[in-house]
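Enquirer: Protein chains in written order, with the numbering used here: chain A, 29 to 424; chain B, 29 to 424.
Please keep in mind that the hints were generated in silico from the structure rather than gathered at the bench. Because the structure is a prediction, the values reported are computed rather than measured. Check each hint, because a few of them may be wrong.
[Claimed, not checked] Derived DEER-like restraints, expressed as beta-carbon distance ranges: (1) A:ASP391 to B:GLU172: 51 to 59 Å; (2) B:ASP85 to A:ASP54: 23 to 31 Å; (3) B:ALA111 to A:PRO101: 41 to 49 Å; (4) A:PRO55 to B:ALA111: 28 to 36 Å; (5) A:ARG388 to B:ASP73: 51 to 59 Å; (6) B:SER39 to A:ASP226: 18 to 26 Å; (7) B:LEU180 to A:ASP89: 41 to 49 Å; (8) B:ASP85 to A:MET366: 48 to 56 Å; (9) A:ASP226 to B:ARG388: 43 to 51 Å; (10) A:THR390 to B:SER39: 34 to 42 Å; (11) B:MET109 to A:LEU314: 36 to 44 Å; (12) B:ASP226 to A:ASP226: 25 to 33 Å.
[Stated by the list, open to error] A short, non-exhaustive set of chain A residues, derived as facing chain B with CB atoms under 10 Å: (13) ILE88; (14) LEU91; (15) TYR93; (16) ALA139; (17) SER250; (18) ILE271; (19) CYS292; (20) GLU339; (21) PRO342; (22) ARG417; (23) HIS420.
Note that the Cβ used here is the ideal one computed from N, Cα and C, for glycine as well.
Protein chains: 2
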Amino acid sequence: MTYQFSNRMSSLQPSLVREILKATSDPEVIPFAAGNPAPDAFPVDDVRRITAEILRDRPIDALQYSITEGYPPLREALKRMVADRYGVPMEGNDLIILSGAQQGADLATKAFVNEGDTVLCEDPSFIGCLNCFRSYNCNLVGVEMEADGLNLEKLERAMAEQPNVKLLYVIPNFQNPTGITTSLHKRREILRLAQKYDVMVFEDNPYGDLRFAGEPLPAIKSFDTDGHVLYVGSFSKILAPGIRVAFVAAPPAVIAKMTVGKQCADVHTNILAQMICERWLATADLGAHFARLQEIYRRKCALMLDCIDREFSPRVAHTTPEGGLFLWCTLPEGADMMDFCNRAVAEKVAVVPGIAFLARETDPCRSFRMNFSTPTDEAIVEGCKRLGRLTHALYD
Amino acid sequence: MTYQFSNRMSSLQPSLVREILKATSDPEVIPFAAGNPAPDAFPVDDVRRITAEILRDRPIDALQYSITEGYPPLREALKRMVADRYGVPMEGNDLIILSGAQQGADLATKAFVNEGDTVLCEDPSFIGCLNCFRSYNCNLVGVEMEADGLNLEKLERAMAEQPNVKLLYVIPNFQNPTGITTSLHKRREILRLAQKYDVMVFEDNPYGDLRFAGEPLPAIKSFDTDGHVLYVGSFSKILAPGIRVAFVAAPPAVIAKMTVGKQCADVHTNILAQMICERWLATADLGAHFARLQEIYRRKCALMLDCIDREFSPRVAHTTPEGGLFLWCTLPEGADMMDFCNRAVAEKVAVVPGIAFLARETDPCRSFRMNFSTPTDEAIVEGCKRLGRLTHALYD
């Protein structure tokens, strides 16, 4: 049989990053292309203890069907947490538990975006969500990123001129792939423009608790007085990504529509995983845990930056993130970035070509993403040496 | 802000069944409306032992990101299982792990169905999947169910006359909501018609291992020589629904497209849950476990049928399932089914009004669904007494 796939899916290709990750699953390749939390960041002992307690005391609750909105004690704990920790007031908002933040993008797009409607994103941005937007056959439009976040003039122009702008996707803290943090001024302006043009902001904050430098900034959602922001948080980077638990805080009408969507998508999120998250929030020393994570990533990021500054040609630029897992290198003018990435793989170092993160993968791009959370310290040192030799050979 | 939701989602309402379940979460209400496996059907000791072993021996693998297609050892085990147990040959097919069978419906619809295309279903059918199809703004068309499965003449007419028929959704074993099993003859005919009209069959088999009477019948997929069938199996009814693990076996081109869809939907299924399923298949005595499940459901179904035959007015008809969790009662001509269901709730017995399962909820319907897996034996006896009194008062 020859399959006739839907319009929305017929042109969609597998995520370039995930294909690269598969191609470089060779353990000899240094994994600067990954996006995994550091293995020593997982609270393994807590998870062991909590899971045993749940399966000892409440096995049926942990195995039986549950409700779509999520495990009620976890929802309540998260409502308190987003209010206390991120300044997101829960009056006028509700909260749903999701099977990872990616599901937030999926359900928000499904709820708001008709085929042909516009979704705006930072350019570059997280490929997983960009592919999700594409899978709804939307008009995906990237807006230029600057060192402190979106170019506001270009953002306003896109909101004014693109057809039926429904969503703006932003990662204000230590953005994937660039590591850039959106300034306080731009956070306020993004909300102002969203209000002016009646666009929903999808504020994705997977890395917010991984700040290892600078001062915390309030979430865009914390200024949201009239329901223009969906705030998405996740356990992937603070507890563990494999258990797939995240949440969205948004106005009740939006949460209700996403709940209907989730009934259709996967009924509910793994309930054992939700119970683990709830017990973890209730019993772990979160302050100490976050401090430990920040220390791990601070050290690994500083090591990578040191190595880059020592080994790379000075003609290669890089960002200096204040948190998160990624930094972004840009080759000198005239450089062939894809050629560089292929040469890097030949040297057994995997980085992600920047085009993977563009709204239009055919746009020019001289940048690539480097991840400092997954590789060991030794791999960071050795990988930067190999990349550095390439940069000197090619660009000095 | 007034939200302008997408066309596909603006008219979709929460599942009637889930709303009824919420309304009847009152523990005093006898839960014939549920669809939960019996709590004593869960292999709690196995899950405790396996989970502790995984978190002791391979905690990082169980918590880290994993690949979209699913945990490779589980995929291999399931490929062997569908071949050996259900006669589904894996040559020419591939297999993906999903976050519950509902996700199979979601990804298949997303991959095949444009807005306005037709999805055919058994009428009545499982509301969760019907709502999923609706959430893609398709033309959902129900085909009459008979005591041995779909009316084939009406099925062929629908395939010939409806616009762009892309999917046919069937539950051949102990269908939800009716408990009906599709005959061998009709299984072959359904495939023949799917081939003739080039329609994909979505064969949902959550209850196949819960056969407690009659002879097992081969899956439609077992006859599929040219890739017209997606076969969906699930751990929800044989291990536990709360962990949300299921799978689809289908031709590689279809699995590849669903994999791209799953990357966009939730990246991958909870990996700890996948590892639990893999270890359970490898180490549990499945034959003994399935025999125990079948015995539980055989006994509970027989008890409910006995009570119905003893207590209900003889003017109320019912199906006699050979497996699964549900049976289907039909009130006499002229009866007001919604009125009956409301009176039942007033008597603190919840059943599901049959209209919830219709492709068009406005079609006439005198039936309701009863579940025998969730209520205790005492609740089955008492609930049938109360319903029986109602039937005598209303219809004798």
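Enquirer: Each hint needs a verdict: does it hold in this structure or not?
Expert: Quick rundown of the hints versus the structure:
1. Our hint of 51 to 59 Å for A:ASP391 and B:GLU172 holds, since their Cβ atoms are close to 54 Å apart.
2. Taking the beta carbon of each, B:ASP85 and A:ASP54 are about 24 Å apart, inside 23 to 31 Å as hinted.
3. The given range of 41 to 49 Å is respected by B:ALA111 and A:PRO101, whose C-beta atoms sit roughly 42 Å from each other.
4. In this structure the hint that A:PRO55 and B:ALA111 lie 28 to 36 Å apart at CB holds, the actual value being about 32 Å.
5. About 55 Å separates the C-beta atoms of A:ARG388 and B:ASP73, a value consistent with the hinted range of 51 to 59 Å.
6. About 21 Å separates the C-beta atoms of B:SER39 and A:ASP226, a value consistent with the hinted range of 18 to 26 Å.
7. Remark: the range hint 41 to 49 Å for B:LEU180 to A:ASP89 is upheld by a beta-carbon distance near 44 Å.
8. A hinted range of 48 to 56 Å for the beta carbons of B:ASP85 and A:MET366 is inconsistent with their spacing of about 41 Å.
9. Between A:ASP226 and B:ARG388 the beta carbons are some 35 Å apart, a value that contradicts the proposed interval 43 to 51 Å.
10. For A:THR390 and B:SER39, the hinted distance range of 34 to 42 Å is satisfied, since their beta carbons lie about 37 Å from each other.
11. Taking 36 to 44 Å as the suggested C-beta distance range, the pair B:MET109 and A:LEU314 conforms, at roughly 41 Å.
12. Hint check: B:ASP226 to A:ASP226, Cβ distance near 43 Å, so the stated range 25 to 33 Å is violated.
13. The criterion of a C-beta within 10 Å of any C-beta in chain B is met by A:ILE88, whose closest approach is roughly 5 Å, and the hint holds.
14. Nearest Cβ of chain B to the Cβ of A:LEU91: about 4 Å, under the 10 Å cut. The hint holds.
15. Checking A:TYR93 against chain B: minimum C-beta separation of about 5 Å stays under 10 Å; hint holds.
16. With 10 Å as the threshold, the beta carbon of A:ALA139 comes within range of chain B, its nearest partner Cβ sitting at about 5 Å, so the hint holds.
17. For A:SER250, the interface hint is violated, since its Cβ never comes within 10 Å of a Cβ in chain B; the closest pair sits about 17 Å apart.
18. Given hint, A:ILE271 at the interface with chain B, holds; its Cβ is 6 Å from that chain's nearest Cβ, closer than 10 Å.
19. Given hint, A:CYS292 at the interface with chain B, holds; its Cβ is 4 Å from that chain's nearest Cβ, closer than 10 Å.
20. Here the hint on A:GLU339 is broken, as its CB sits about 28 Å from the closest CB of chain B, past 10 Å.
21. For the restraint placing A:PRO342 at the interface with chain B, the shortest Cβ-Cβ distance is roughly 34 Å, beyond the 10 Å limit, so the hint is violated.
22. Because the beta carbon of A:ARG417 sits about 30 Å from the nearest beta carbon in chain B, more than 10 Å, this interface hint is broken.
23. Violation of the interface hint for A:HIS420 is found here, the shortest Cβ-Cβ separation to chain B being roughly 34 Å, above the 10 Å cut-off.
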